[in-house]
Amino acid sequence: MMFEIRNGAVQLGDWVVFEGLNLSVEPGEIVSILGPSGCGKTTLLRASCGLERLKEGQRLLNEEVLENATIVPTITMLFQQPVLYPHLNVAQNIGLGAPKTMSKMAVKQRVNEVLLSIGLADFQRRGTAGLSGGEAQRVAFGRALMQEPTVMLLDEPFASVDVKRRLELSAMTRSHLKERNITTVHVTHDMEEAKTLSDRIVHWHELAVGAQEGVLDGEK
Amino acid sequence: MQPRERFRVVGVPYIHWMAVVFVIVLGIAPLTLALVRLWAVTGITPLEALIKVHEQPGAMEAFQFSLVEAAASTALTVAIGLPLAWSFGRYQWKRIQLKRALLFLPFVTPPVVAAVGFLALFSPDGLVHRIGFDLRGETGFIGRLATATGWSHPGHFIALVLAHVWFNLSLMVRFVEPVVAQLDPTWEEQLSLLPAGQTRRGRIQHLWLPVLGPATLVAASYTFFFSFTSFALVKWLAPSSNTLESLLGEMGGTAGIAGYRVETSLAVLGIAVFQMLLMLVMLVMAGRFERRHSQVLSMHQEGMNRERHGHPTRRLAWFVNGTVFVLLLPLASVVLSSFRVRTGGPSGAGYQWTLEGWRRAWAGDFSTIPVADALTNSLTYAVMTLFIALPLGYAVASCLVTLRERGNAKAAGFLDSLCMLPLSMSAVMVGLGMVAGILRWFPQMFSFPYLPVVPHVMLVLPFVIRLMVPAIERIDPIFAEQASLLPMSKGAHWWHSRGAFLVVPATMAASLCLAFSLGEFGATFLVVRVGSWDSLSILVDQVASRPKFDPYVFPTAMALATTLMVVTLLVLSLNERARAWRSRHDV
Amino acid sequence: MRIVLFLTALMALSPLTGCLEDGILDVNNHICEPIEPGRSSDGTLRVLTYDIAAFSEEMLDEFTNQSGYEIEMIRTDDAGGILEQMLQTQQAPQADVAVGLDNTYLQTAFDRCLLQTNTVNASSLDAEALEPYQGPLAVPFDQGDVCLNYDESRVDGENLTAPHSLWNLTEEVWRGKVAFPSPLTSSPGRSFMVATVDYFENDEDNTTDAFDWWRMMSENEAIITTGWTEAYEVHYSGGYGEWVEGHLGDAVMTVSYCHSPGVEAFYSGNWTKSTSVVLPRSTFHQVEYAGVINGAAEVEAANAFIAYLISEEVNQNMPENNLMKSVLNNAEWPETEGYHFHTDQPVLNAEITMKRIGADMEAWLLDWAEATA
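Note that the protein sequences, when read in sequence, are chains A, B and C. Going left to right, the first sequence walks through residues 1 to 220 as the working numbering numbers them. Going left to right, the second sequence walks through residues 1 to 587 as the working numbering numbers them. Going left to right, the third sequence walks through residues 1 to 373 as the working numbering numbers them.
Calculated from the structure, these hints are not laboratory results. This structure is a prediction, so every number in the text was calculated from the model and none was measured. Note that the Cβ used here is the ideal one computed from N, Cα and C, for glycine as well. It is possible that some hints are incorrect.
Unchecked claim - Sample of chain A residues at the chain B side, in silico, Cβ under 8 Å: (1) Ile71; (2) Pro73; (3) Thr76; (4) Met77; (5) Phe79; (6) Val83; (7) Leu96; (8) Pro99; (9) Leu120; (10) Phe123; (11) Gln147.
As the list claims (entries may be wrong) - Using C-beta positions, here's what the derived DEER-type ranges look like: (12) B:Gly213 - A:Gly13: 25 to 35 Å; (13) A:Ser160 - B:Tyr450: 51 to 61 Å; (14) C:Asp205 - B:Gln352: 51 to 61 Å; (15) A:Glu192 - B:Arg8: 38 to 48 Å; (16) A:Leu88 - B:Val383: 25 to 35 Å; (17) A:Met102 - B:Val383: 50 to 60 Å; (18) B:Glu189 - A:Leu88: 27 to 37 Å; (19) C:Thr336 - B:Gly350: 17 to 27 Å; (20) B:Gly213 - A:Ser160: 32 to 42 Å; (21) C:Trp167 - B:Phe442: 33 to 43 Å; (22) B:Leu194 - A:Lys108: 50 to 60 Å; (23) A:Thr70 - B:Gly310: 28 to 38 Å.
Just chain A, same shape as in the assembly:
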């Protein structure tokens, strides 16, 4: 599905995070937004999934305007730090992404499939406390895949992972997203990550009115 932000603006308190922002992502396209730390990329993603209110503008899904600040089941987000529930093990965390109508048996089977596809086949009963940064983010990603979203928002998902693993995970992520034709908005300040993961790279300052051009990781 096509995802758009038209003339979007967000203000937090007295701070105008961005305004006049226009973003358009084609169905199944992966777009990376490059920008320096603190420019408002995360806020954009939060507004896109309904966690923040747009002061102005609209967000559209397949040309249909979505209600402001309302969470839509088909849009999901991966936070910068993987949000895993410590009272649940890996399989249970992934299982949280399953639709409510799915039976327990079906959930279990699906979870195993997802674990296999993200390279964590033997991690079902593992607790989340001992996972590395990359493993944890893979689990969070697997949960997001369980939801079968049409739009996925990735907020610097590999920031806590070392450089070598980052590119591997970027490639793996791209493979899954493309396989499922998930429209994706990815924000990062790492050019190499953006190049590996996305179809198109957009600079932050090109998106929003008055946004500053900054120095990015990996940019020559």
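Place chains B and C on chain A using the hints.
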């Protein structure tokens, strides 16, 4: 994310507001009714009575005594408790769960039990007397101290202060130990590399004081508060003195009766209002310290610091284990006394070992309710208190946290103080207010066998709220945001974003509810005491208060007290299991 | 003329017709309205009594077997607590029978209309027990003489001599050695205070009264405690207190009962070092009563319980069960283990009527508080 505003006011769900209103009314109603009743009986307003409080016989002396003994108790508690808590939090200890449960046991021990235990230590055959300190008879060194200083009854004062320290040491551990345990060890390491950290003074000034200061202040405030309002311990250990609370306790039963001993009603009115104002000030200060304290607590596992520092030095091990051992002595003497009966006569005196006290306790020889029934009552009240206080306390805590998050800190602080009101009220006022209110509007409530649960809930709620507020504040809101993005029912959303994180503090609050209710005596005592409703703590006092011409009265009372202690210890062990679980799962 | 007299008599007597109705009491021309019960009748008798009243489970079970009524005990601290509980709940009484009001509290209970007429026949009880009050509102169930006890091992005629006048206790040699439970909070303390009123009204000195004596006792560092237990157990050196944790033993004399030495002996194998001061009018004959509460829900059960209390099977055990004397006619103290032998007999108890106690008690308490402040 802005939560949905339906069924909410200022972001707080209606049901939480209802809980807040209910809790405040539960606290304010008895107070208001008691004041109104006393006002009607005396014809004098509370304010006028307050202005004249200095004229009440014994009031200013009691105030002075309360102040001095509370200050001394607090200072000594901090002096012993701070290094104790620091050692506990910093190192790995064997059987730490058991040690913590034993440390907390004094806090929930009924005062009559504790008093008897202490008296055994201070009396001529007791350990303290044998090492040269006659705190009871005030001969020897203590007598010379009295003579030299002109201080009347220094031994009784010291005995009372020691008992208060015994009771309140657990507060220091409860508040300070988690801070030490959860402290990121790299903070200390970093400081040690800086010029400021090269000296002990520097480390104290730049690390330990800022980190431990708030927690210590919170514990000290509550210690002062509990010592100031001491009642039963004063009567047993310092019989020639009075705190304001014990003074009120003496007069309480006579107050509030029209045309009968009106001077007593006037005295109670003035002293109770005076004490309440003092208590409210202390509670507000304690609340402020607690806000700062909860901000210091980090999200680290409790085990981190301990793993870094390993096992304690021998000296510290002796100190901690020794303190735990000393804390058990009064309780051990209670247990011992349950197996001994005095024998006397013209030829001399002695004791012999016997199980007769236990037999009589369980057969109900000195009471009209068997101990099994009293224990059942106690456990019933405790469970009921738990199921009422826990959800209520959670709802209030959630409301306060939401208000603060929304920038309504002042409103939250005000409501918080109102919820703490029952703690500031004398048990006499609680009892009088309940009797007045129930009689006026719900006389059939006197026949309600679960009436004693009401004062239990009133007194335990402030502690539940105190536990829950920082626990809720520490939950990262991102878990709720993530849950919003997942296909969950409302119930599942609440559970995964909040409920699961509160299992451990809720368990700790639950064991606190149970332990408090089991040992609660004062307020229950004042509500109509229908014999068949007697709890175990009431039964202990009832039997212990009998004239002891019959030598089996005392061991019987001690057998009952031992039963109560064992049950309380079992309940407290829940607390420690929950804590260990949290430490393992980093929740 | 005869008609005029008749009509006048009729008019004079007409207010008294109220006493013919059930439940309406006429005490000294003071009409008491019956009070509505505060609870509904459910076959359970609620007994309001004090903490240490020794009703054994067997005794209560036997009553239930005989009468069919279940019993619930409502306990207060002491006799004063009973009165206070009744006053507090007067609008909606929760108990049916009050057991333990003594003759220093009973008049107040009458004046406040706290009791109603009972149907128990008490006329055959001991005359001494009936002396303070004999009437339809309360029935005596035990009695005793409140008096000073002292430790014979320390008041041995050498260091200290037994007083031949209460004034002796104000002398330097007795400084800090006498413990009194406060009359404000203790029933035996109250009884003893009443005795001192009579004692000093009848001594040779017309210029001083009881409260002058109390003032001097206070200046002589008399120990004032909240209750009897603290005075007897903690301070008094002559009793069982020396076996109780926390005993101080700084008082060689205290207020208790003339039969307390007998009780001591009973539990100590016919031995005690405690004995009593029986100076005329320094002792007080205390009688404890049971009465049906005005507003009782279970009146029949209350009457049955009172009758049970004064039945021979129960009342004869008062010395062992309740540590007080039976009110049965010709009852004596038990002979076993020296109970009777060590019990002291008062020479002349204080002669103050219950009515006067009711009228003057509040003033006395204020005077006492002022004298000992």
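- [ ] Tell me, in ascending order, the numbers of any earlier hints that this structure violates.
- [x] The structure breaks hints 9, 10, 17, 21, 23; every other hint is satisfied.
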